[in-house]
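> The residues making up each chain are set out below.
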Amino acid sequence: MKKISKALLISSAVIAMTGCSASSGKTEQVMDAQKEFGCSTINVYNAGEYISESAIPDFEKAFNATVKYDVFESNEIMYTKLMGGSAYDVLVPSDYMIERLMSEGMLQKLNQEQLTNLDQISDDVIGMRNVFDPAGEYAVPYFWGSVGLVYNKNNVDPAVIEEKGWDILLDSTYAGRVYAYDSQRDMFMVALKALGYSMNTSDTDEINAAYEWLLSMNKAITPAYVTDEVIDGMINGNMDIAIMYSGDAAYVLTENEDMAWVEPKQGTNIWVDAMVIPSNSACPALANEFINFMVDYDQQYANSEEIGYSTPNKKAAEELSAGTYEGISAYSPRTGYEKDEVFHFNPEMTKKLSDLWTRVKMSIN
Amino acid sequence: MEHKNSTLNRLYYWLIIAFFYAPIIYVVIFSFNSSKSLTNFSGFSLRWYQKMFADRTIMESIWYTVACAVIATAVSTVIGTITAIGLSKSRRIIKEAVTQVNNLPMLNPDIVTAIGFMLFFTSLRIQTGFTTMVLAHIAFCIPYVMLSITPKLRTLDPNIAEAALDLGCTPLQALWKVIIPQIKEGIFSGALVAFSMSFDDFVISLFTTGPGINNISIYVYANVKRINPTINALSSIIVFVITAVLIIINVVPMIRERRKGKENEKNLKGALD
Amino acid sequence: MKSFSKMVTPYLVWMTVMIVVPMLMIVLYAFTVQGNSVLTFQFTLNNFARFFSDTVFPSVLWRSLKMAFITTVICILLGYPAGYVIARSAPNRQSVMILMITLPTWINMLVRTYAWKGILDASVFSAEFKVYVGMVYNFLPFMILQIYTALSKIDPALITAAHDLGADNRQTFLRVTLPLSVSGIVSGITLVFLPAVSSFFIPKLLGGGRFVLIGNLIEDYFISTGDWNFGSAISLIMAVIILISMYITRRLDKQTGEEEGD
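Protein chains in written order, with our numbering: chain A, 159 to 523; chain B, 4 to 276; chain C, -6 to 255.
These are computed hints drawn from the structure, not numbers from a lab.
Bear in mind that the values here come from a model prediction, so they are computed numbers and not experimental data.
Some hints here could point you the wrong way.
[Claimed, not checked] What follows is a list of derived Cβ distance ranges for each label pair:
1) C:Leu151 with B:Arg59: 28 to 36 Å
2) B:Arg157 with A:Glu370: 51 to 59 Å
3) B:Pro174 with C:Val13: 44 to 52 Å
4) B:Arg157 with C:Gln164: 22 to 30 Å
5) B:Glu99 with C:Gln164: 30 to 38 Å
6) B:Thr134 with A:Lys510: 51 to 59 Å
Backbone N, C-alpha and C define an ideal beta-carbon position, used for all residues, glycine too.
This is chain A alone, in the form it adopts within the complex (with noise of 0.2 Å):
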């Protein structure tokens, strides 16, 4: 009995020690959202550990809100529980996700009043976002990056991985020693390019040129497919090479100093994740804050530092890769690169793959 008092003597100190809140504590209260908006709750969805600690305190703090904050753990999860009614404020999904989101109908228009802090996004950015959002009407920019190669380089000659590029995957050197990327998506998207085609292609010898590329593949390298897993993978140096999102690679190179990272020169996919409004938010007012508040230099700052991704805020996106990730090359993703692409939704196309998908992985044993 005593130890048991003990334990919760010990446990109700630590909850003491700790209550306070994550709070950075420079945020004041700038408007009382239940007199402005006659609402004061917004449901946030959003990828997970992709956002800072700081964030949702301090917004709460400055509009005496509360923000419900979920997590997804893809897009396409997201997308069904969309389809199953659940109704939320903003949304965090990549861009052809959205592309999907605006051509069935399930998202407003931002109000362009309340966002004063869109200047400071950079104009790369803006770029890509204006392939699925032209006018900027619908979505703004939360993190960009790009798919690349992860690399250990006492063990890879970067002068080679940087001459092959994906090619390199079909190099049997490297037998069981490579990770691949678990998603349909992105491994096609690899094949496509490595054969020279567009990621976004629909063309039936293409594809199947891409089937044919991932089977020898398979047969040359052994690799693991595995999804987040990756990044603990590489850090603790479990594998020479890996397809990695350029803010994971960030993460790993800040963590591991073998590991360099590599876009390959046959192209890649360039992709932006943005904040949107469903069409069925009950406070769009607030959540047009909510973006405006998280576009702005000082949240942008304090996430980009914590999760690695490349923030779309031009002050931000200077001073950290001049800063804290000085010298890692994946944090600052290059842009411009004429056969880089950002990815469309198309979902016979979708369709059409997925059985392929099927079996590229049943080959593998």
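Once you have looked at the hints, place chains B and C on chain A.
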């Protein structure tokens, strides 16, 4: 059953226990790690616990998980027990039908059951949230409760209940005083299975809950992207709490018994004086 | 006894609403195309044709059944002795021993699997072995619980009687204890085999993404591809196969039950 075990038997039990607890000990150890690594222990620290207690989403998810599991276990154990007993006296065709239908949520992949529930709730235009999540949990727990109780009922002498009724028991008394005591192990293990099923569920919860309502699994699944020792801290807390509850459950009756013993002694002394 | 059978009625209603109706919706999707908007259903058998005309899908199914079968066998082999030991322990210790077995299942399955990944990552075991460790770890407690439940119900007098009649320990076990605990094994199989066939998280995480099982396939088609019709069709095919195998198991259970009666 005879109630004695050889040393070899006992050793076997402890080997199985070691197997079950290896990953848990691993989780607990690394929840106290001062660095983020899950392979190198670099020093003792409580930072992940601090982070956990400061995180509102985690604290809420714990609350929703426990609340949902408690309600679902209570309701499904009651309904499951009543139904299982009723079923043992029902016609064969009803027995068969219920068993077959009960198999559906158990044999279907969670994702299918989950999508089924989601389609069901949305077609009725019910806004998903805590209530729908609890309803879904009750629905998938009941079959497991019944599965635990049915074998017990099968080995029960069918004449006992009749005898109780003949001796003047009301059906309710027969149920409460005769049948239930005989199947209480089954009810107990059914409730345990229901609780752990509900507590652990991920996919069905994900698709039947609404904005702002997360359980621990949903939180974990979306947050294991990078090494996240906060989740180890969360799991360790669960281990501590459950262990504490177990100790209390087992120690309190012992203390009470001892006290009773002492009181008896006192009374005895008083009587002697 | 009529009054007892009436107790089933509320559940019959609940069961129809909460289990049958959602399942019918899945069936509806399996036999239609263009499912995402409710008004445009069209009857078709194409989803099933697609599954069986390509060798890759049946081979995924076969692999899943094989894996679940092996997992179940290992669980019986490891779980029976454990349940037996618990049932033979002093009655006042049994509930603690059972709690010790169930306690780990209250820790999140995802977390436990990640922990195994951490432990096994550095080892030299094959991906297949790791997947089996994860599967057995996850399902074994349910097998032990069921077997224990059945064993603890056996009347000690039966064992004594067997001994009195000259049976040695082995004979007593094989001819008395084991047959009387078959019902526990059967419910154990239900609790292990069924979820094992459709598990997707364990093979995904511990198998390095190299083990596509039917559960992964269903998950992929429902979520990644958003093809609910084909996903439903795969689920239905799996459900039918499992129902058949359950029917066979139950037949076996009944046969041993009848032999007991003789």
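> Please go over all the hints and tell whether each is borne out by the structure.
Against the structure, the hints:
1. The hint said 28 to 36 Å for the Cβ distance between C:Leu151 and B:Arg59, and at roughly 57 Å that hint is violated.
2. For B:Arg157 paired with A:Glu370, a C-beta distance near 57 Å keeps the hint of 51 to 59 Å intact.
3. Distance hint for B:Pro174 and C:Val13: a CB-CB separation of about 29 Å, inconsistent with the stated range 44 to 52 Å.
4. The hinted range of 22 to 30 Å is satisfied by B:Arg157 and C:Gln164, whose Cβ atoms lie roughly 24 Å apart.
5. Taking the beta carbon of each, B:Glu99 and C:Gln164 are about 35 Å apart, inside 30 to 38 Å as hinted.
6. In this structure, B:Thr134 and A:Lys510 break the distance hint of 51 to 59 Å, their C-beta atoms being roughly 40 Å apart.
Comparing the model with each earlier hint shows violations of hints 1, 3 and 6; every other hint is respected.
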